[in-house]
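S.K.: Residue numbers (the numbering used here), protein chains in the order written: chain A, 1 to 142; chain B, 1 to 142; chain C, 1 to 142.
Keep in mind that the hints were calculated from the coordinates and are not lab data. Check each hint, because a few of them may be wrong.
Below, a list of computed lysine-lysine pairs in the DSSO-like style, where the Cα atoms sit at most 30 Å apart [unchecked claim]:
id, chain 1, residue 1, chain 2, residue 2
1, B, Lys98, B, Lys10
2, B, Lys98, C, Lys98
3, A, Lys48, B, Lys48
4, B, Lys98, A, Lys10
5, C, Lys48, B, Lys10
6, C, Lys82, A, Lys141
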Amino acid sequence: MMLNNITPSKMFMGRLTHNSDLLQEITDLCVKENITLGRVEGIGAVQKARVGYYNQGSREYQFIEYDQHLEVIKLTGNVSIKDNAPFVHAHITLSDDKGNAFGGHLAPGTIIFAFEIILQAFEGPELSRGYDEDTGLPLWKE
Amino acid sequence: MMLNNITPSKMFMGRLTHNSDLLQEITDLCVKENITLGRVEGIGAVQKARVGYYNQGSREYQFIEYDQHLEVIKLTGNVSIKDNAPFVHAHITLSDDKGNAFGGHLAPGTIIFAFEIILQAFEGPELSRGYDEDTGLPLWKE
Amino acid sequence: MMLNNITPSKMFMGRLTHNSDLLQEITDLCVKENITLGRVEGIGAVQKARVGYYNQGSREYQFIEYDQHLEVIKLTGNVSIKDNAPFVHAHITLSDDKGNAFGGHLAPGTIIFAFEIILQAFEGPELSRGYDEDTGLPLWKE
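Let the sequences and hints guide you as you build the complete structure.
M.R.: Have a look at this one:
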């Protein structure tokens, strides 16, 4: 286990841009506001979605595309540093017109219809991602 | 993008009333505590559920009803103002006895079995909903 | 409805241990940090999962096991007191290699592949679980 004490800092609430890329918008917001540690959550709807599933055996992300209109029943994620820049790691839960739920690791290619966000910055020790041997993932390093 | 600075205000934690309507209970709570800006989250179980899917083409909500006992694996939402009153916009993720997940926009008709809630109020510029031409939805206006 | 005023206290952000039990790790963390009131959230991936569905008729949990690698698209929960010790009540939403979503009440037997957590402690009146006649569940008592 690797755990840091953090304290709440700036907080934002609002909505993202219709037709824009969901992950890119959140990342741009963190860059603009200089947020390198934080959490993000939101609900909304997308015009299409693209999510990742990490194959723990092959150690590669597989991507799943949904070329349909979906509700975002939950986006949740954290903000830290990767390659010296703010990095958003978010997972997303989606639902379709039958109410069935889908989801995974939020990937580029998920296009906003409407999206309401709450973003909270933290102060605390830097959390920076680097290659983790146990998993093959870019995880926070001591 | 439209984004406001907010600051945390009052916070509440507790459980909602067995047999009551989930969306109505949260709305009543916001009215009683005079919360017009905030976030809500919770987990629990419901006796039946009703969720909305926004049809982006026809610009109408379609409603899906589940006449069965379900876990609420996540409720998440925000509080703002609509028609001069506190308005709760929440999405819900549900699961059944096989573990399959469902969900959508929380609608009236979702009846609580047991529900544990955390509600946080914010201070900041008023967020008020009005008709949005791009989507047909009642979104926050500048 | 039963609702307490709470105020934010200590907050932690980090990652949990590869190969360990997800519910046990979070519980251990609360015991170690002496957190008896709080909220927890996180995203990650698990090597296998075990979730509960509460049968409202028979008043017993049924457990569902997933012997496969899954994304955790959301863990959300609260911390309170049960049997005089910190008790974590969490629900989990999972997704598989097709993007299909599953979930329920987080049970022992869910093994971490990688998991990123945010844990927030609160100050406020003690919330302690005891048998609730309406539901058969261990709910917070007045």
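S.K.: Hint by hint, say whether it matches the structure.
M.R.: Evaluated hints:
Distance check on the hinted pair: lysine 98 of chain B and lysine 10 of chain B sit about 38 Å apart at the alpha-carbon level, beyond 30 Å; violated. Taken as a hint, the lysine 98 of chain B and lysine 98 of chain C pair is honoured in the structure, with Cα atoms around 17 Å apart against an allowance of 30 Å. A distance of roughly 29 Å separates the Cα atoms of lysine 48 of chain A and lysine 48 of chain B; the hinted pair therefore holds under the 30 Å criterion. Between lysine 98 of chain B and lysine 10 of chain A the CA atoms are separated by roughly 41 Å; this puts the pair beyond 30 Å, and the hint is violated.
Distance restraint check for lysine 48 of chain C and lysine 10 of chain B: the Cα-Cα separation of roughly 39 Å exceeds the 30 Å cut-off, and the hinted pair is therefore not satisfied. Straight-line distance between C-alpha atoms of lysine 82 of chain C and lysine 141 of chain A comes to about 34 Å, which puts the hinted pair past the 30 Å bound.
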